[in-house]
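Number of protein chains: 8
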Amino acid sequence: MSNIKDILESVKGGTLSVDEALLSIKEKPFEDLGYAVVDLHRRCRQGVTEVVYGASKTPEQIVGIVNSLLKNGEKTILITRLSKEKAEIVKRSISFTYYEGAKIAIVGSLPEKDGNGKVVVATGGTSDIDVAEEAALTLEALGNEVVRIYDVGVSGLHRLLSRLDDIMSASVIVAVAGMEGALASVIGGLADCPVIAVPTSVGYGTCFNGLSALLSMLNSCASGVSVVNIDNGFGAGYQASMINHVRIKG
Amino acid sequence: MSNIKDILESVKGGTLSVDEALLSIKEKPFEDLGYAVVDLHRRCRQGVTEVVYGASKTPEQIVGIVNSLLKNGEKTILITRLSKEKAEIVKRSISFTYYEGAKIAIVGSLPEKDGNGKVVVATGGTSDIDVAEEAALTLEALGNEVVRIYDVGVSGLHRLLSRLDDIMSASVIVAVAGMEGALASVIGGLADCPVIAVPTSVGYGTCFNGLSALLSMLNSCASGVSVVNIDNGFGAGYQASMINHVRIKG
Amino acid sequence: MSNIKDILESVKGGTLSVDEALLSIKEKPFEDLGYAVVDLHRRCRQGVTEVVYGASKTPEQIVGIVNSLLKNGEKTILITRLSKEKAEIVKRSISFTYYEGAKIAIVGSLPEKDGNGKVVVATGGTSDIDVAEEAALTLEALGNEVVRIYDVGVSGLHRLLSRLDDIMSASVIVAVAGMEGALASVIGGLADCPVIAVPTSVGYGTCFNGLSALLSMLNSCASGVSVVNIDNGFGAGYQASMINHVRIKG
Amino acid sequence: MSNIKDILESVKGGTLSVDEALLSIKEKPFEDLGYAVVDLHRRCRQGVTEVVYGASKTPEQIVGIVNSLLKNGEKTILITRLSKEKAEIVKRSISFTYYEGAKIAIVGSLPEKDGNGKVVVATGGTSDIDVAEEAALTLEALGNEVVRIYDVGVSGLHRLLSRLDDIMSASVIVAVAGMEGALASVIGGLADCPVIAVPTSVGYGTCFNGLSALLSMLNSCASGVSVVNIDNGFGAGYQASMINHVRIKG
Amino acid sequence: MSNIKDILESVKGGTLSVDEALLSIKEKPFEDLGYAVVDLHRRCRQGVTEVVYGASKTPEQIVGIVNSLLKNGEKTILITRLSKEKAEIVKRSISFTYYEGAKIAIVGSLPEKDGNGKVVVATGGTSDIDVAEEAALTLEALGNEVVRIYDVGVSGLHRLLSRLDDIMSASVIVAVAGMEGALASVIGGLADCPVIAVPTSVGYGTCFNGLSALLSMLNSCASGVSVVNIDNGFGAGYQASMINHVRIKG
Amino acid sequence: MSNIKDILESVKGGTLSVDEALLSIKEKPFEDLGYAVVDLHRRCRQGVTEVVYGASKTPEQIVGIVNSLLKNGEKTILITRLSKEKAEIVKRSISFTYYEGAKIAIVGSLPEKDGNGKVVVATGGTSDIDVAEEAALTLEALGNEVVRIYDVGVSGLHRLLSRLDDIMSASVIVAVAGMEGALASVIGGLADCPVIAVPTSVGYGTCFNGLSALLSMLNSCASGVSVVNIDNGFGAGYQASMINHVRIKG
Amino acid sequence: MSNIKDILESVKGGTLSVDEALLSIKEKPFEDLGYAVVDLHRRCRQGVTEVVYGASKTPEQIVGIVNSLLKNGEKTILITRLSKEKAEIVKRSISFTYYEGAKIAIVGSLPEKDGNGKVVVATGGTSDIDVAEEAALTLEALGNEVVRIYDVGVSGLHRLLSRLDDIMSASVIVAVAGMEGALASVIGGLADCPVIAVPTSVGYGTCFNGLSALLSMLNSCASGVSVVNIDNGFGAGYQASMINHVRIKG
Amino acid sequence: MSNIKDILESVKGGTLSVDEALLSIKEKPFEDLGYAVVDLHRRCRQGVTEVVYGASKTPEQIVGIVNSLLKNGEKTILITRLSKEKAEIVKRSISFTYYEGAKIAIVGSLPEKDGNGKVVVATGGTSDIDVAEEAALTLEALGNEVVRIYDVGVSGLHRLLSRLDDIMSASVIVAVAGMEGALASVIGGLADCPVIAVPTSVGYGTCFNGLSALLSMLNSCASGVSVVNIDNGFGAGYQASMINHVRIKG
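Chains as they are written, first to last, in UniProt numbering: chain A, 1 to 250; chain B, 1 to 250; chain C, 1 to 250; chain D, 1 to 250; chain E, 1 to 250; chain F, 1 to 250; chain G, 1 to 250; chain H, 1 to 250.
Careful: at least some of the hints might be erroneous.
Label-pair restraints from in silico Cβ distances [unchecked claim]: (1) H:Tyr98 to A:Arg247: 51 to 59 Å; (2) B:Asp165 to H:Glu112: 29 to 37 Å; (3) H:Gly14 to C:Tyr98: 52 to 60 Å; (4) A:Asp165 to C:Glu112: 29 to 37 Å; (5) A:Tyr99 to D:Thr58: 43 to 51 Å; (6) A:Glu85 to D:Ile89: 23 to 31 Å; (7) G:Val147 to H:Tyr98: 52 to 60 Å; (8) C:Tyr98 to B:Asp165: 37 to 45 Å; (9) D:Ser83 to G:Val147: 30 to 38 Å; (10) F:Thr58 to G:Glu100: 53 to 61 Å.
Calculated directly from the structure, the hints in this document are not laboratory data. Given the structure is predicted, the values throughout are model-derived calculations rather than measurements. C-beta: ideal position from N, C-alpha, C; glycine also.
Construct all of the structure, not just a fragment, from the sequences and the given hints.
If you want it as structure tokens, here you go:
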């Protein structure tokens, strides 16, 4: 769509017929595999490594999509929510590095770290680490330097305060916590950069699979905190990377 | 019920007929006003100032109940959830001190402070003060020394840490907070005494009238925290007083 | 807390006694008004215009807090959620510009626009404009250039696509929508910058006062979208400003 | 019931006794198998292929019902929500074509396509295809021509816009989507025919097993959209077929 | 968008410059009033009377939008959710017929009845009539013949069965009910045409403002039933009209 | 419907034409007032005083319905949920006794008490009395002897136990309680007759307008307890009357 | 408790010492097995066959409780929610008849049928039969004659109307239905006896495991309907039996 | 943090350099294992046995944390929520006593009983015993004498009343109940000490995994009751121990 003008110029210049132009607008930017329409121009449009959401696709579908992307020149491909079982099947066709806790596979080489600064990924407890790693690996796959601060929940403030230097010097922070999710508010009150909060489904009873932490984070009394879906480490990492790559525009 | 044995002894001794005994068990401890059954022996049984819940009673009913209690020798009577409008009507018949924010009236004189130590009542924000005062006044009406620490929410940790001495030296703490309710967890992590958390309905949107704070408090990662109903300053103050009066029992 | 080291150096150098040091750590950064603990060093710590949440404070409390801030040299003060009635009372004591729809008052002069680029504030419908203005005015009070794109909901895609240039050139976008909240996903798919989604309570029936829009935004199929509380235009504007001011750090 | 008049006429004409008439009203239109009352006149009354909901019936019950229908002359029978395990058992007694993803079995031959036009079945993602196929196969079993448009979710508008011709020329559209369910609103805004929206349980966290998509669809800002139960591809297909068979009545 | 091809042809033919073409695509189909982007080509695109949602607009905004539509040749304009108070203000500037119960205003003349057949609008009780009238008037404003069957709830089946002829001969039925919403299922089982169910917020306690009726309708055991938002008489009428105007296509 | 056989016999006997028979089935048992279809044969069919639900009807509609019933020979008519304001308007046309707390009007004379035994109506607190009176007056209007036991909540067991004789000798009990609704379980454990539990919306915070009491009652550990809608004193009284009138059938 | 008077008389008469009396009140009516306190006088007190809830007890605990009851002379014991696996273990120690679908075991012989009339148990669909059988078997174990009417849901009214005679002649009806639960309302409108509604967890998506049916039943527009917990066939059967055994009391 | 003053004194005295002081504040009180930050000074600070939450940690992590604590001189360590499978793996490395029902492991010896009095742990039913044991064992591990009163639910009041002596003489009571959770209110009404209520997830249908009991307990009409998370026996035991150890403070 961003190149409608180019296409119109070609029509005017006679190098493109009207029917060809229409065809071009409709068919150019993706490959239709039947079960999936692979976006081949996304990198141009959004400037990022391509991502495949693995959770509800068959191994065969994942292989098909990744191959379509590789064929079109993609260098780094992130596959998220890829279970160990699927990973083993996909591995027969495609080579990648697999991170079991985070359920992430990275096809190809990691890009250079070209962000504005460091991104802190913090967790309230040990049990939040898998979700945090999904965020951290996403950040690394998108060219960010990551500082991990794990198990620094608010019931023991000493642990968090001892990492104050890291928090104060971050460009953006991803705060990952389950249960009551208070970590986001406390970090939000200490930091002077954007905080992306990730509620996790860790807990039991009225944690309601992360709903309690989500509500807590949405109601944070600290300014500068926004929230993503429960357990959505990828989404937080993706947006944190965008923030860490915001550049001065004319 | 605790004196069934006394009654049985009297039956055996012949000072009480069987029918009188039955009557005694059934009719003794209260006065039935038709619209309310006033418990006249509660003080003996539970050892506290009597309390009248004013929210859903007419001014006439409140006057009737209070008079029944006064007639039976009650010295201090706490009327909770008494709106300003009702208070003005009740005041025509009964003398009391009224606290508008907390919606509390205290009939009679305050008892001596005979608790084990001090009770801290803390709030996250300015808006939580009315609920906190309901707790604080209840505590004072039940014979406790109260230390108020207001507007020390977790988005500005400096404010809370500056009152660390009060928190460390409390016998029991009532933590009152709306929005994300993180105050309870942070105080729970700092204190070495029981913390009663009171979620307030302060906030908007997903605060869901205090539900977010409630869930947060129920999921507190700090041990030693229990929770009462939303905006239930009275309940928290009442239990905190019980805790502050726990005595060594043989 | 960031200057504990300075304080310790002064202790060592003998220019500060131990008790003075302790006092300094505890009492320095705020003024305790009883009903509110005003944070006087926040600007240093977080680099922003000071904000007063007006919703649950009395006009007298607001005047007290604002005067405390002005006395300490604050240049620009944003008062949010200030109803027209309260605004008229506060205005007797303090001078400010009042925006009725957005319920915002700005005390003092607006800062220079020093962000990395432009911030787009978009709405799905006419009814979302008040919340959007809360975001837009917050952004302007924090030094950002704002582009408003209102009533471009997804049921008429033509309207949104006609503003594609603004969307493609933004540094960060605030997407404000009620009802089904699909605007955030569609903008998230078109833009290559972070999108902060604000669900509004606009709608009826199963909109559940914004819950439907909130859930929709949290589940956005577009990457790079994070969410704030329902109707929280201020929170979105505040974080968008932080993102628009992210600088390259060593 | 529609032929009460016929029955009364027969009573009057003396060809039917009163008791026979009563019997006729009560016992005619179904066969009672004990565990199920099979409706044998439904086709006459509603003009459609017969459907058996397989989810909570035993294979033996399904065989019994299907045989009762076949015995009464039914040509095409659709069995929905038939798990692979049950299908294998039922297949020992009855011959049918089984579609594993859609969990549908079709007994007998497909009817002719006699609808007013084409029915489009669209999905937001690859993971919605199973539900979409339940709708598509139901439509085909009821005599409709179906156009499938899969994986055209709103986070990549190009994909959807490239199929605009199909959307503009449909008689009715079934829009199947999980997560935030925005597909229904965007299609509803583009199309000039009724849209039946099917939320799917695809997603995680706050998708709440399809509730988020359902709410989104119910709050659609586009007119002409109605909604069926989560994952109810059959219901959407069934109603879409009814709409595609609406005829001009006197 | 539907005329991209025309525009491209003009570019090729030289009657339109490339920049003019781009402008044409972007600016043609609507007028931007600042607070609202009025869609002026919708009638062409979707073939219906124009609709203005009045609930969250000021009287001034409504007048502005209606005038913009009238200026562009619109003959019939439906204003929904227009309160009596607003209606009186708008009436000073624009002439219309106002229906107080249904909160609907119709500007201009009603179109001819050109649907495929009759549309039945039925209610469970007397209290559902306002919502039903919103549907019925919408249907009439869009060119449909309407049959009203009110207060025929399932607790007195006789009432409903006595209208069986109307139900059996309808092209499409709008079933409006609050409380337990069973009307939709019973009608769905009797009719052989599509049923659009409208839950209403009528009831108390666990009716949860229409949620109970909504859930009941979504779970209808009758096939051929779809559902719109609570109290959304307009949405049901609009879709019913679409269905009643489905024509045989190529 | 119960007299279809009579109608058929008349057809056969020639005293009724087929068309007259059809008409008879369709039009006999009610009068259609346009806004309401008044059931005139209900008393025969269900054997009870007629009831008009007043909550969502206009005073004019109520007058119309009551007059239709009176004209057809009804002796006692119960109007429920009739606000004081409406009652005053209706009273200009119809004579009745009005009970303000219970919002009930009784037209005509009370029937004789012909139940199997006494019905106990008990409440947990003073605030539940209005709902309890709705049940008690309904019971009296339907011919039952009622024993009221008010303010006997479980937090003071003495009060309840003192009324054990009434509880043990009841034919059926209506237990009315808000807050935690424990009254139903305790009474259910003590009584040997059916208990109909009525949750009330009394309470605050997590009482969620009666939802907490409702859930508590549905989960009662005592057998023999069933539940009606929140605040539905009428429904409980109506069913309790049915139970108190169960007779030995062949 | 009912024999306190007897005990007191014995005290007076000297046949019982005070301590023995106290002991008698406290220890008489149950046997404490450590993990369970078996109520041995319940039959006297409530007049029913004893019931053991098997769901959350170990086979060993069930055997212990049943033996304690048998030892005390109980003739018929109903064990509910007994899984097939547990039943097989328990069967090694105790003899009983087991009903697999209903998960019910009956120890001992069935009592005589001594109810006032017949109890109808009806279901909406085939899938509701297991819950209905729990009700029906409970009824039979408590001495009732049961008429089963299965698969008569409201989407095919013919099926239900054909059983009108059974419905009209019942003493009490148990209506069991999942999905939208409309069966209870329709039967409630037809019958002139109490209806106990049992929502079942049958369905998918927004049936929310029976919540939709529960809400529907609580909001029934038919009078005389009360509701028990989801899938609680036992509770409905138990109360229906109580109703069917209501006798005329002095 | 409590010893900042000591550290400052050392700095002033010259026995600690500024950098050493900073290091001391930051690193002293815990050991960072990477996946967990073990708090080694908690016992000093809060005076209790150390606790490890085992639910979401790997056996290896648990071993690492326990060894870190043992190495630092901890005498008694409580591991909660330790499944049987994990317990068997951990047992290969560490010696402890394991309680299967309560899922608790206790490393080391039990401390002396030094509480103010006895703590009663009561349950409503047999099925609540596992959660109750979690509370009871926690209490014993923290130095309390525990009295167990199991299966005394309110549907059979005799059972509870027979244990009145224990209830009246307790210092604090933990009331554990699922289903409708009425036990807490009844005990709260009888006792004169604090009651900590623990809702359990026991039940089915609308028990909603303990939500019903939780709401019931939060709305308790008895004063002096506070609540912890569903199934949180540990949390209740922990706070009850704190209460039982409240001492008179200056």
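Hints versus structure:
Roughly 58 Å separates the CB atoms of H:Tyr98 and A:Arg247, a value that falls within the hinted 51 to 59 Å. Restraint check, B:Asp165 to H:Glu112: a C-beta distance of roughly 30 Å satisfies the suggested window 29 to 37 Å. The hinted range of 52 to 60 Å is satisfied by H:Gly14 and C:Tyr98, whose Cβ atoms lie roughly 58 Å apart. Between A:Asp165 and C:Glu112 the C-beta distance comes to about 30 Å, which sits within the given range of 29 to 37 Å.
Checked against the given bound of 43 to 51 Å, the beta carbons of A:Tyr99 and D:Thr58, roughly 44 Å apart, stay inside it. For A:Glu85 and D:Ile89, the Cβ-Cβ distance of about 27 Å falls inside the hinted range of 23 to 31 Å, so the restraint holds. A hinted range of 52 to 60 Å for the beta carbons of G:Val147 and H:Tyr98 is consistent with their spacing of about 54 Å. C:Tyr98 and B:Asp165 have their C-beta atoms about 42 Å apart, which keeps the hinted 37 to 45 Å range intact.
In this structure the supplied range 30 to 38 Å holds for D:Ser83 paired with G:Val147, their Cβ-Cβ distance being about 33 Å. Remark: the range hint 53 to 61 Å for F:Thr58 to G:Glu100 is upheld by a beta-carbon distance near 56 Å.
This entry satisfies every hint, going by the numbered hints stated previously.
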